[in-house]
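2 protein chains.
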Amino acid sequence: MRNVTGARCVRCGRVYPAEPGITTCECGGILDIEYDYDYIKTKLTKDILAGRRTTSMWRYRELLPVEEGTPETPLRVGWSPLYEEPALAAKLGLRRLWVKDDGLNPTGSLKDRASAMAVAKAGETGAKVIACSSTGNAASSLAGNAAAAGLASYIFVPERAPKGKVAQLLTFGATVVSVQGDYEETFELSRQAIDRWGWYNRNAAVNPYLSEGKKTCSLEIMEQLGWQVPDYVAVSVGDGCTISGIWKGLKDLYAIGFIDHLPRLISVQAKGCCPINRAVEFEEDLRPMKEDTIADSIAVGVPRNPDKAIQAIRESGGLVANVTDQEIMDAQKLLGHSCGIFGEPAGVAAAAGVAKLCRDELLGENDSVVTIVTGNGLKDVANAIKFSGEPIRVPSDMDRLLQEFDRLDIHPER
Amino acid sequence: MRNVTGARCVRCGRVYPAEPGITTCECGGILDIEYDYDYIKTKLTKDILAGRRTTSMWRYRELLPVEEGTPETPLRVGWSPLYEEPALAAKLGLRRLWVKDDGLNPTGSLKDRASAMAVAKAGETGAKVIACSSTGNAASSLAGNAAAAGLASYIFVPERAPKGKVAQLLTFGATVVSVQGDYEETFELSRQAIDRWGWYNRNAAVNPYLSEGKKTCSLEIMEQLGWQVPDYVAVSVGDGCTISGIWKGLKDLYAIGFIDHLPRLISVQAKGCCPINRAVEFEEDLRPMKEDTIADSIAVGVPRNPDKAIQAIRESGGLVANVTDQEIMDAQKLLGHSCGIFGEPAGVAAAAGVAKLCRDELLGENDSVVTIVTGNGLKDVANAIKFSGEPIRVPSDMDRLLQEFDRLDIHPER
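Residue numbers (the numbering used here), protein chains in the order written: chain A, 60 to 473; chain B, 60 to 473.
Worth double-checking, as some hints may not be accurate.
Note that identical chains are pooled: a pair holds if it fits in a single copy or bridges any two copies.
To be verified - With a straight-line cut-off of 25 Å between C-alpha atoms, the simulated BS3-like cross-links for lysine-lysine are:
no.: 1; residue 1: K445; residue 2: K222
no.: 2; residue 1: K150; residue 2: K102
no.: 3; residue 1: K100; residue 2: K310
no.: 4; residue 1: K187; residue 2: K392
no.: 5; residue 1: K187; residue 2: K349
no.: 6; residue 1: K102; residue 2: K222
no.: 7; residue 1: K310; residue 2: K222
no.: 8; residue 1: K100; residue 2: K392
no.: 9; residue 1: K187; residue 2: K150
no.: 10; residue 1: K392; residue 2: K102
no.: 11; residue 1: K100; residue 2: K445
no.: 12; residue 1: K187; residue 2: K102
These aren't lab readings, by the way, just hints derived from the structure by calculation. Predicted model, so just to flag it, every value in this text is computed and none were measured.
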């Protein structure tokens, strides 16, 4: 990889060669892939990018840690739409607002970007099997992307994992191990199995390549904005890997001169589980929290990647917002009603945070914001059912319909 | 619309001016939009198309029945991926096989193409409200596309409509009327309400513009194949609007000289509900059937658009295949395992039909086939749960995992 110089521990600073199979530093710290930006500048210009036909994350190949001969992964991951939403901006009192709908990725979440990268790197090592422990989007994205690439996947889930999510994994042909225990016990068994059989490891915050995949989301945002930097980029935060990936992409673009300054991050967590935001807000070390929120994809009480995330939020001069479940589900409706976008609870948490910051007047008419929807609402219909309200029930009778419209103060017009 | 000459009844041949609000012919027949292909040829060439950046159905504007000033609808509908699947082709014994994953549309189905068109035409009439009766993908796609465009939607569903689907409509801000009765009674109340308030009508097989939206799926397939015509295009068939739209797109491309011959269609229905295929196979008039299949999106016992569909299948020299629920769910797994694609039951029915025709040796090593996945598997997780099998259940204990792998004859390798 001519474009990559190594992998540096974010805790102790030690640098490792960027082998495809690297995991964490000896000190336990997470590694961060480092690039030769001078070299990349000779290979990638805005014009070259503008002429490129690839509409997937692989259009940013020069900024990705893969060998030149590594094939693009088969599923079309990335290049999700970025919608400008003037009506919603007006409602919230923002100058401009865009929504990036990453729920339209092949398996329905931003995690496809990380899993596609894992599949590419697994291919470089010659591995035929790739594994992780997860209940959610990491698992489904791994199972789908691995299947498409002809790799086997082994996925460890805690027994409480919802049946629908397990069914999706089984449909993708994954070998699913349901562990009678909690998430920690599940992770531990996956670790032992990965060690024993030498499977390629897609556990987040262990594999440093994953956030390099995720960063393509912010690369796209900036290209879709024509390299005009918004004031803020809002992301929902669980284990911290996504927001650090988003930040990495922005810094890459700054380093190669594609953008002239950096936006500020908005880190949104659930009020019932916000250890990263608490550490940022009170400038203290991270302490675990219990996981009390319906936004399961960001319910991470012991985040595995707090270092990079906290550093990113601080470095960007970012804002934090913690939102209640009710605020999250209000944001789900707000995005649905105003934009025709249906996100899962964790996926719309960032928008809930933006709305809250607007109410608190920390954001306002001078600000432009991009908010990322990280997962598709079809992933969690149960909560949508609970919060979306009820239809109007009538027999097939026009008079009764008129009565109901009248009672509910609905005035249909043409 | 310089590119459109009129709307002709497929039953009696009467031609109407192509007003935005036209519905069916006085004789009850369905209208078909007709184009001035000589004019279109002066405006659209393969080179022009190749240089176009729009990655949505609106890249084919010259072939669509909209006014020049009509804005593109906001959601990014279309330009779904077409994947070549050599491994699955080998498994089935086909020369070449591609899968078009239309489940990656904004609300998760091919119907987004029709709804986006309806929203565009509603805009031309100045309507502020758009309505339909549907339980499924037509409704969710209408609600999402209307919300994004700032239009109100009124959607009539029979009381048996699944709660999850209703929740998605409510999240998109639709006014949902749940009718205590069957689908016919629901349709009747929607018809009366649409008449009374003059709402824009998005009922399939009433509005002739809908299949013009759907045809963009085959326009894309051909462009993505570099205008090399496959032997067959396989589609799952319910009310008949989708397959007739697919055929229309192919004929358009032939008429403007972009392809030099037409592929044959494969019409796939559920064995428990196959009135269109029965009419084609036995060369008889369409007779209603009961609706006995889990593939709810194609469970249409009284199809509202049989004329165009039957004509399309016959004209193309097409094949028909009727598949059991088990064959449908086997195809769901086959696409999941082999391709990393998760389709809803109706969405994978076409693939089930292709697999069946391969088993019956009606398709084989000389044939190239495109099969369309019309809807996302996340739309119907309940059936995936029933058919996908069970995970391996163990405590967090390596020895027990080894025992289970041994018992199940699983041999993990690297």
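Check each numbered hint against the structure and report the violated ones by number, ascending. Violated hints (numbers, rising): 2, 5, 6, 7, 8, 10, 11, 12; every other hint is consistent with the structure.
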